[in-house]
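**Q** Listed here are the chains, written in short residue letters.
There are 2 protein chains.
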Amino acid sequence: MPMNSLLHAARGETPVDLLVRNCQIVNVLSGEVHPGSVGVKNGVIVGFGEYEALCVVDGHGRYLCPGLIEGHIHIESTLLDPVRFAQVAAAHGTALVVCDPHELANVMGLGGIRWLLEITRDLPLDIRCMMPSCVPATHLETAGAAISAHDIADMFKEYPERILGLGELMNYPGVLFQDPQVMGKLLAASGRPVDGHAPGLSGFDLNAYILAGPGSDHEACHLEEAREKLRAGLHVMIREGSSEKNLFDLLPLINEFNSQNCSLVTDDRHCDDLLRDGHLDHTIRLAVSQGLAPLRAIQMASINTARYFGLSRRGAVAPGYRADFVLLDDLESFSISEVYLGGRSIAPESWGAASTDHAVTASVHLGDIEPCSLRIPAPPDGKTVRVIRTIPGQIVTEMDLVVPLVQDGLVMADPEADVAKLAVFERHHGSGGVGLGLVRGLGLRAGAIASTVGHDSHNLIVAGVSDSDMLLAVRALAKCGGGFVCVRDGWVLNLVPLPLAGLMSDQEPADVAAALDHLNASARELGCPENINPFMQLSFLSLPVIPRLRLTDKGLVDVEAFAQVSLYG
Amino acid sequence: MPMNSLLHAARGETPVDLLVRNCQIVNVLSGEVHPGSVGVKNGVIVGFGEYEALCVVDGHGRYLCPGLIEGHIHIESTLLDPVRFAQVAAAHGTALVVCDPHELANVMGLGGIRWLLEITRDLPLDIRCMMPSCVPATHLETAGAAISAHDIADMFKEYPERILGLGELMNYPGVLFQDPQVMGKLLAASGRPVDGHAPGLSGFDLNAYILAGPGSDHEACHLEEAREKLRAGLHVMIREGSSEKNLFDLLPLINEFNSQNCSLVTDDRHCDDLLRDGHLDHTIRLAVSQGLAPLRAIQMASINTARYFGLSRRGAVAPGYRADFVLLDDLESFSISEVYLGGRSIAPESWGAASTDHAVTASVHLGDIEPCSLRIPAPPDGKTVRVIRTIPGQIVTEMDLVVPLVQDGLVMADPEADVAKLAVFERHHGSGGVGLGLVRGLGLRAGAIASTVGHDSHNLIVAGVSDSDMLLAVRALAKCGGGFVCVRDGWVLNLVPLPLAGLMSDQEPADVAAALDHLNASARELGCPENINPFMQLSFLSLPVIPRLRLTDKGLVDVEAFAQVSLYG
Chain A
497 MPMNSLLHAA RGETPVDLLV RNCQIVNVLS GEVHPGSVGV KNGVIVGFGE YEALCVVDGH
557 GRYLCPGLIE GHIHIESTLL DPVRFAQVAA AHGTALVVCD PHELANVMGL GGIRWLLEIT
617 RDLPLDIRCM MPSCVPATHL ETAGAAISAH DIADMFKEYP ERILGLGELM NYPGVLFQDP
677 QVMGKLLAAS GRPVDGHAPG LSGFDLNAYI LAGPGSDHEA CHLEEAREKL RAGLHVMIRE
737 GSSEKNLFDL LPLINEFNSQ NCSLVTDDRH CDDLLRDGHL DHTIRLAVSQ GLAPLRAIQM
797 ASINTARYFG LSRRGAVAPG YRADFVLLDD LESFSISEVY LGGRSIAPES WGAASTDHAV
857 TASVHLGDIE PCSLRIPAPP DGKTVRVIRT IPGQIVTEMD LVVPLVQDGL VMADPEADVA
917 KLAVFERHHG SGGVGLGLVR GLGLRAGAIA STVGHDSHNL IVAGVSDSDM LLAVRALAKC
977 GGGFVCVRDG WVLNLVPLPL AGLMSDQEPA DVAAALDHLN ASARELGCPE NINPFMQLSF
1037 LSLPVIPRLR LTDKGLVDVE AFAQVSLYG
Chain B
497 MPMNSLLHAA RGETPVDLLV RNCQIVNVLS GEVHPGSVGV KNGVIVGFGE YEALCVVDGH
557 GRYLCPGLIE GHIHIESTLL DPVRFAQVAA AHGTALVVCD PHELANVMGL GGIRWLLEIT
617 RDLPLDIRCM MPSCVPATHL ETAGAAISAH DIADMFKEYP ERILGLGELM NYPGVLFQDP
677 QVMGKLLAAS GRPVDGHAPG LSGFDLNAYI LAGPGSDHEA CHLEEAREKL RAGLHVMIRE
737 GSSEKNLFDL LPLINEFNSQ NCSLVTDDRH CDDLLRDGHL DHTIRLAVSQ GLAPLRAIQM
797 ASINTARYFG LSRRGAVAPG YRADFVLLDD LESFSISEVY LGGRSIAPES WGAASTDHAV
857 TASVHLGDIE PCSLRIPAPP DGKTVRVIRT IPGQIVTEMD LVVPLVQDGL VMADPEADVA
917 KLAVFERHHG SGGVGLGLVR GLGLRAGAIA STVGHDSHNL IVAGVSDSDM LLAVRALAKC
977 GGGFVCVRDG WVLNLVPLPL AGLMSDQEPA DVAAALDHLN ASARELGCPE NINPFMQLSF
1037 LSLPVIPRLR LTDKGLVDVE AFAQVSLYG
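Going down the list, the sequences are from chains A and B.
The first sequence begins at 497 in the numbering used here and counts up one residue at a time.
The second sequence begins at 497 in the numbering used here and counts up one residue at a time.
Just so you know, these hints were derived from the structure itself, not from any lab.
These numbers were taken from a predicted model, which means no experiment stands behind them.
Think of the CB as a built atom: it goes at the ideal place given N, C-alpha and C, for glycine as much as any other residue.
Heads up, some of the hints might be wrong.
Stated by the list, open to error - From the derived model, a few chain B residues whose C-beta atoms are all more than 12 Å from chain A:
{"no.": "1", "residue": "N523"}
{"no.": "2", "residue": "G545"}
{"no.": "3", "residue": "R658"}
{"no.": "4", "residue": "L707"}
{"no.": "5", "residue": "E724"}
{"no.": "6", "residue": "K741"}
{"no.": "7", "residue": "D764"}
{"no.": "8", "residue": "I832"}
{"no.": "9", "residue": "H854"}
{"no.": "10", "residue": "A974"}
{"no.": "11", "residue": "V988"}
{"no.": "12", "residue": "V1041"}
{"no.": "13", "residue": "F1058"}
To be verified - Chain A is nowhere near these chain B residues, computed Cβ spacing over 12 Å in every case:
{"no.": "14", "residue": "E528"}
{"no.": "15", "residue": "D701"}
{"no.": "16", "residue": "H731"}
{"no.": "17", "residue": "A843"}
{"no.": "18", "residue": "P875"}
{"no.": "19", "residue": "R882"}
{"no.": "20", "residue": "L897"}
{"no.": "21", "residue": "A1017"}
{"no.": "22", "residue": "I1042"}
As the list claims (entries may be wrong) - In silico lysine to any residue, SDA-like type, Cα no more than 25 Å apart, as pairs:
{"no.": "23", "chain 1": "B", "residue 1": "K1050", "chain 2": "B", "residue 2": "I865"}
{"no.": "24", "chain 1": "A", "residue 1": "K653", "chain 2": "B", "residue 2": "E654"}
{"no.": "25", "chain 1": "B", "residue 1": "K1050", "chain 2": "B", "residue 2": "D896"}
{"no.": "26", "chain 1": "A", "residue 1": "K975", "chain 2": "A", "residue 2": "R871"}
{"no.": "27", "chain 1": "A", "residue 1": "K653", "chain 2": "B", "residue 2": "D896"}
{"no.": "28", "chain 1": "B", "residue 1": "K975", "chain 2": "B", "residue 2": "S927"}
{"no.": "29", "chain 1": "A", "residue 1": "K653", "chain 2": "B", "residue 2": "S686"}
{"no.": "30", "chain 1": "A", "residue 1": "K879", "chain 2": "A", "residue 2": "C868"}
{"no.": "31", "chain 1": "B", "residue 1": "K653", "chain 2": "A", "residue 2": "E657"}
{"no.": "32", "chain 1": "A", "residue 1": "K653", "chain 2": "B", "residue 2": "A649"}
{"no.": "33", "chain 1": "B", "residue 1": "K653", "chain 2": "A", "residue 2": "G687"}
{"no.": "34", "chain 1": "A", "residue 1": "K741", "chain 2": "A", "residue 2": "E894"}
{"no.": "35", "chain 1": "B", "residue 1": "K653", "chain 2": "A", "residue 2": "F652"}
Bound conformation, chain A alone (with noise of 0.2 Å):
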């Protein structure tokens, strides 16, 4: 940093870039709101004062307020490219994104994470990361590739500023039991910050799992469970995000003297709803209506946030602070008038796209597919098969035993029965390996339905009633580089291309919302019920971490076994 020219200008020796002045300063550091102007000189806040300006701006008495810190999201759950997503989130007040980028760490390994940074490198919004902690998420599965704690270690050289700490540490059974490779992560990232991931973990082993570093969390769904992580030290992050919505059950944690140890996240946010109702000044605005103050609220999405990852003279809007600000006309309702980051006034025009290089849109590797790929031997005689029955809106699934519909000793759909074939292809290695299975509660009546977004490890999963539209459905998906496409009768209904890593799309936000809606039209005339997201349900049916039952390429998962499972039960 240019100390010198800085410290002149601070000193009003010399005039400075921009001056916005006649504002409110809503100041998280003082804790009030007082009248003021503001001085930046190279993207650099100097200080308030009435300085000399090359530019200035006059603030009409609105509120000036930081710029809004992005604690925990997953960017890929928008499903758009990273730069796209990133001029969105600017509009809605975000300066910075700590982001995990798990699920592209799942399907391309370092180089995924490389290229995310890359591409955001230059952006006006200053993306940071989180080092996925948990690639491949278990043994369950084939994912595309795996981190190991030298690998942690080297990228945090690698990029040192840029690559904060340590993601969401799902695997705590690996922190409880001392698994060296889980240690040895813990070990690379030791005096950054850990980002903890451990819902309904209590009591003992909650102690435990603290002391070993995670000093986060963003799992807790209810108050208790808040207030126990909170008392025993974590940060406290509050959730809400498109499926999982926390702020309402977990703002009674909040209190005068407990507040700077919490924050707000999104976690995962659909292009849709970032779209239609905002990021965190969404969530600053839901918090407000039901009574937290708004100084609070947006201590907890900026300072607190920049805090917890020691991000130094960020998130807030004093002297050595990066200038990232918004206008506000109202404080309440949290009413963007005009953004600044880096001290200018975000562009209305297009921050362009992401760069793509063949590694990254040529993301799906499927070995030979034949249709007796999708050919499940019926079981013996009077024996039941293992279906996974989905719950509308969640995304715990359960285990029905049923007797299954067979027709020449092989396992059929029966979509009378709601009971649709499940199949995931691995799609990392073209190693041709596909898990089947039986699913029940998707509402499938004709044709199939597939996606190359499958948790963790992101194979492509597919389910229909025929295995001739799911065949069409996987050859399709493999031939766009990945997507979701709904398939009916041979032909094509609704194909969304996901070409970056088979997980993002690189096109317009708004173009990204629409194809949504046709496809998930689509799926309904397919049969898929009103409510429940088709894709989203389909998409976490491979995550073998979340109870009960699930199918990986590999085959069916017991997830409280946390082992595999025969199909016939």
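Guided by the hints, dock chain B onto chain A, whose structure is given.
**A** Just chain B now, kept in the frame of chain A:
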């Protein structure tokens, strides 16, 4: 840290060393007081819960509060051996002290800092340092040492854990005018906390000072000054010492949104106050008496300070935190019944005393002292002399122009006019340098008083009405390795040796306090009025950075001109 055994203990698989059960936990993280039991293993808190334990202590419903953290103190000002200081502070609930050994460093340089760190290395109370940033304080005096930016960088490497950052940066003009040496020190401290010291600094200059690096300030005496500093991003350390008492004036600054950015600190505290009233526990009691919530006061003397300094897992009671806590009979009155540091109840037996070496105890190196050393030739006919006039209870001085008493062509002390002779002998390098002047306001009617505590260079300063008594006082201090002395009519009335660098006693705290009482009684006999602390007044007469007239070993200093000035005016 043997994580293995800690995690086993935290999970309840092996007994903990200590369980303190049946307590009301003062939880500075969750901002509440809640019932609970605390398990400790290897000096670390493993968590809350009813652990099986090797030793169980019943809290009987007492409050269990984190050990207190001192953010800014000069241990030298207590006049106590640092080891004995630590024991006294620990008894008052202090667990960690961040000290600035500015005085010691001005006498002994890096050797003094190393000595301090070594003698306190294994104490139950954790002592950390900030690197003194202003040694020597000015070019207008001769210090015992100089500390460069290079030295500072080296010391950070030598003591990566125990030296936290750069000590109070008093030379704010050096920052504003970008003095290369000052900027070099800031660069060396890059990424570490830098304590500010900017009394009265405001507006553009305050902005520039903060921009350059300082993150805290403990010099604000007025509410509006503190408010401006807090708004501008400084961590406000509210000082309540023996001479500077800012708590009552600054408490109205605190609100429910900003207290995390404020700490309670001491700066300077005399040993009698420490023994009688306490340390930070006293400040907490004062703050609570003024209406501050006890929980907030405790946060300001624990976790807030830990976080400002980036001290991980210090200042709270939660898993992974060092097991420093205090059992209180009552929260409002902060009445301490027991103190645990590192998981052990602090022992009633003595922690011993600082080990010393020759460099520490032989810090007084005078040149040849002759009777003629004190001779002040009379000014030209009719000319006046500049006389330093002290103001009771303040460290600022005034400048009087006085027609001196002259005998045989020499300026004499004039007790009738309350004018004593004043001399500062260079005592570090044996150069024989001596500055001569006159002082009014000490009330001396006979004899002399002398001190090797003389801010900031700590040369030997002596005031008297008799040259021979002044010389005797100087020789008495030279002989005993430094201290305070009163002399009358050729007799040493009272001597308090301070053999540790000429700044600190090697005796028991209660004995030091009693000796100081006797010393002051002797000074009263010499004429010093009741409303001044004669040795404190004396020790500040050589401080050339506080207005208005001072005397150093190099001669009289006009502080407003920041230059030497003739005695004759």
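**Q** May I ask you to check that A843/B keeps its beta-carbon over 12 Å from the closest beta-carbon of chain A?
**A** Correct as stated: the minimum Cβ-Cβ distance to chain A is 27 Å, above 12 Å.
**Q** Next pair to validate is K975/B with S927/B; report whether the Cα-Cα distance is within 25 Å.
**A** Measuring from Cα to Cα gives roughly 17 Å; hence the hint holds.
**Q** G545/B clear of chain A by more than 12 Å, beta carbon to beta carbon?
**A** Non-interface label on G545/B violated, nearest chain A Cβ at 6 Å vs cutoff 12 Å.
**Q** Please settle this one: E528/B was flagged as non-interface, so is its CB more than 12 Å from every CB on chain A?
**A** Nearest chain A Cβ is 7 Å from E528/B, so the label is violated.
**Q** Should the label of P875/B as a non-interface residue stand, given a Cβ cut-off of 12 Å to chain A?
**A** holds (42 Å)
**Q** If we take the beta carbon of L707/B, is the closest beta carbon in chain A still more than 12 Å away?
**A** violated (5 Å)
**Q** Do the alpha carbons of K1050/B and D896/B lie within 25 Å of each other, as the hint requires?
**A** Between K1050/B and D896/B the Cα gap is close to 20 Å, so the pair holds against 25 Å.
**Q** Between K653/A and A649/B, is the straight-line Cα distance small enough, at 25 Å or below?
**A** OK: K653/A and A649/B at ~22 Å, within 25 Å.
**Q** Classify the label on D701/B as holds or violated, using whether its beta-carbon is more than 12 Å from each beta-carbon of chain A.
**A** Violated, since 6 Å does not exceed 12 Å.
**Q** Just want to verify: I1042/B was marked as not at the interface with chain A; is every Cβ pair farther apart than 12 Å?
**A** I1042/B clear of chain A: closest Cβ-Cβ about 24 Å, beyond 12 Å.
**Q** Is it correct that the beta-carbon of H854/B has no partner in chain A closer than or equal to 12 Å?
**A** It holds; H854/B is separated from chain A by about 39 Å at its closest Cβ, greater than 12 Å.
**Q** Given the proposed pairing of K879/A with C868/A, does the C-alpha separation stay at or below 25 Å?
**A** OK: K879/A and C868/A at ~23 Å, within 25 Å.
In this structure, the earlier hints numbered 1, 2, 4, 5, 14, 15, 16 and 27 are contradicted, and the remaining ones agree with it.
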